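So the chains spell out like this:
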Amino acid sequence: MQQAEPEIIFDDKIEQEIKIEPKDWMPEKYRQTLIRQISQHAHSEIVGMLPEGNWITRAPSLRRKAILLAKVQDEAGHGLYLYSAAETLGIGREEMYDQLHTGKAKYSSIFNYPTLTWADIGAIGWLVDGAAIMNQVPLCRASYGPYARAMVRICKEESFHQRQGFEILLTLGKGSKEQRDMAQDAINRWWWPSIMMFGPPDDSSPHTIQNTKWKIKRFTNDELRQRFVDICAEQVKVLGLELPDNDLKWNEERGHYDFGEINWDEFWEVVKGNGPCNKERLETRQKAWDNGAWVREAASAFAEKRNGL
Amino acid sequence: MNEWPLWEVFIRSKQGLDHKHVGSLHAADAQMAIENARDVYTRRMEGVSIWVVESKHIHASSPDEAGSLFDPANDKAYRHPTFYDLPDEVKYM
Ligand SMILES: [Fe+2]
Ligand SMILES: [Fe+2]
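Chains A and B, in that order, are what the protein sequence lines are. Each step along the first sequence adds one to the number in the numbering used here, with nothing skipped, and position 77 is 77. Each step along the second sequence adds one to the number in the numbering used here, with nothing skipped, and position 32 is 341.
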């Protein structure tokens with residue numbers, strides 16, 4: 001009876017939508033779930049800089065370059081907000097980096113696809129950031145305070161990411177035939193991986209029920225995916241382009257768009273590490289960490305000297 | 310190698326307002342923490358002043374003691390102006 005008391009208080013807070021804060025008692029599984037989710041989210045922001053970073057030096061104008069730099073810098077910031085939120089749960093920063101570099105921790109599979117043309121930067125902003133926003137907005141109400149606060153900050157910054165991507169595609173769509181084809185090709189390659197970003201279908205998503213009970217998750221993977229498809233199916237018309245799905249059709253009865261079968265085999269292959277860029281992404285992160293060692297040491301040495309330690 | 314210490318970051322968003330906690334970050338010393346905080350927390354003019362405090366120097370009350378700390382204020386409604394019934398003709402009070 002006495003042992004159960006903190007659990008009752010915890011459940012009661014969740015029930016009443018009172019945020020859980022770092023020093024509050026929480027079930028060990030809640031803590032572990034959050035550490036896993038927040039750190040994987042942080043890793044996704046950090047690895048997510050790589051496909052876009054690929055185009056910074058080759059952006060077609062100074063305006064586009066400044067925008068892309070600002071966007072990629074935001075993603076670095078998002079990673080940092082989230083790492084520090086995860087640290088409030090008792091995991092160390094370097095421990096998380098280590099989990100990323102050794103492949104123990106996952107990051108969003110979408111970043112294991114290559115950015116082949118400038119139009120990919122448009123498609124990423126529109127679709128990948130778009131799907132991320134759809135996932136992230138409900139997380140602003142997640143039951144764990146530091147996570148929810150980090151998400152509020154992130155969501156405020158995300159909307160320009162999606163708009164700049166859409167604008168790139170809009171511009172290409174009004175351009176030459178070659179430019180239109182390039183935009184369409186980028187959408188063709190990014191569409192399916194983007195709708196996979198919501199995760200496996202509800203009937204094979206084992207954590208959904210518990211995470212919903214804990215109010216970490218507010219909507220199921222399929223609910224969010226459907227909402228995203230409905231929005232994109234309309235937005236693509238403004239671009240004068242198409243989504244690569246012959247089964248995409250408005251369903252009057254459901255009040256939603258029907259869409260084609262998702263290739264979940266591909267999804268699980270990429271999760272397992274067999275996507276087009278998994279190896280390259282991890283190697284790049286590991287190299288950045290190793291090559292940064294002297295900077296970290298120099299900063300520590302300089303701090304000691306400056307502070308007379 | 311030792312991990313850089315953790316710093317809590319507080320930002321004054323506008324002259325005249327309090328500094329408010331915004332998050333934390335790692336840095337080798339206070340000055341670098343301020344420089345990092347500039348990049349991490351004020352990319353959109355969110356601040357006019359930054360405080361950083363090494364996290365280990367923050368002492369917090371324990372959630373377990375919240376009752377004994379804060380409950381005593383609960384039954385002192387007479388600390389609030391609405392506790393007092395005054396006739397309607399009293400103005401400006
Ligand atoms: Fe982000
Ligand atoms: Fe973004």
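No lab work stands behind these hints, which were simulated from the structure alone. Quantities reported herein were computed from a predicted structural model and do not represent experimental measurements. Any given hint could turn out to be false.
[To be verified] Reference excerpt, derived from the structure (chain B facing chain A, CB under 8 Å, subset only):
| id | residue |
| --- | --- |
| 1 | L315 |
| 2 | F319 |
| 3 | G332 |
| 4 | S333 |
| 5 | L334 |
| 6 | H335 |
| 7 | M341 |
| 8 | E344 |
| 9 | R352 |
| 10 | G356 |
| 11 | I359 |
| 12 | D380 |
| 13 | P381 |
[Stated by the list, open to error] List time: in silico PhoX-like cross-link candidates among lysine-lysine, alpha-carbon distance up to 25 Å:
| id | chain 1 | residue 1 | chain 2 | residue 2 |
| --- | --- | --- | --- | --- |
| 14 | A | K156 | B | K323 |
| 15 | B | K323 | A | K23 |
| 16 | A | K29 | A | K104 |
| 17 | B | K329 | A | K19 |
| 18 | A | K104 | A | K279 |
| 19 | B | K365 | A | K305 |
| 20 | B | K365 | A | K23 |
| 21 | A | K23 | A | K237 |
| 22 | B | K329 | A | K156 |
| 23 | B | K400 | A | K19 |
| 24 | A | K29 | A | K19 |
| 25 | A | K104 | A | K177 |
| 26 | A | K177 | A | K19 |
[Unchecked claim] Here are the computed distance ranges between Cβ atoms for each label pair:
| id | chain 1 | residue 1 | chain 2 | residue 2 | range |
| --- | --- | --- | --- | --- | --- |
| 27 | A | N54 | B | D327 | 54 to 60 Å |
| 28 | B | H368 | A | G273 | 56 to 62 Å |
| 29 | B | E398 | A | G145 | 45 to 51 Å |
| 30 | A | D290 | B | D373 | 29 to 35 Å |
| 31 | B | F392 | A | N307 | 49 to 55 Å |
| 32 | A | I209 | B | V399 | 55 to 61 Å |
| 33 | A | E28 | B | L395 | 52 to 58 Å |
| 34 | A | S176 | B | D327 | 34 to 40 Å |
Each residue gets a CB set at the ideal place from its N, CA and C atoms; glycine is no exception.
- chain A contact restraint for B:R352 - C-beta distance below 8 Å: Interface hint status for B:R352: holds (7 Å vs cutoff 8 Å).
- Item | Supplied contact hint for B:P381, tested at 8 Å Cβ to chain A | violated (20 Å)
- Message: Does the beta carbon distance between A:D290 and B:D373 stay inside 29 to 35 Å, or does it fall outside?
- Response: violated (43 Å)
- Message: Next item in the hint list is B:G356. Is there a CB on chain A closer than 8 Å to its CB?
- Response: violated (13 Å)
- Query: Quick one, is the B:H335 hint okay against chain A at 8 Å, beta carbons?
  - Reply: holds (6 Å)
- If you check the beta carbons of B:E398 and A:G145, does the distance land in 45 to 51 Å? At 47 Å between Cβs, range holds.
- Query: Quick one: are B:H368 and A:G273 within 56 to 62 Å, going by C-beta?
  - Reply: Between B:H368 and A:G273, where Cβ atoms are some 45 Å apart, the hint is violated.
- Query: Is it true that the CA of B:K329 sits at most 25 Å from the CA of A:K156?
  - Reply: holds (18 Å)
- Query: Holds or violated: A:K23 with A:K237, Cα cutoff 25 Å?
  - Reply: violated (49 Å)
- Outcome of range test on Cβ distance (A:S176, B:D327; 34 to 40 Å): Since the Cβ atoms of A:S176 and B:D327 sit about 55 Å apart, the hinted range of 34 to 40 Å is violated.
- Is the Cα-Cα distance between B:K323 and A:K23 25 Å or less? Not satisfied, since the Cα-Cα distance of roughly 30 Å exceeds 25 Å.
- Item | A:K29 paired with A:K19 [C-alpha distance capped at 25 Å] | holds (17 Å)
Hint compliance for this structure: hints 2, 8, 10, 11, 12, 13, 15, 21, 23, 25, 26, 27, 28, 30, 34 are broken, all remaining hints hold.
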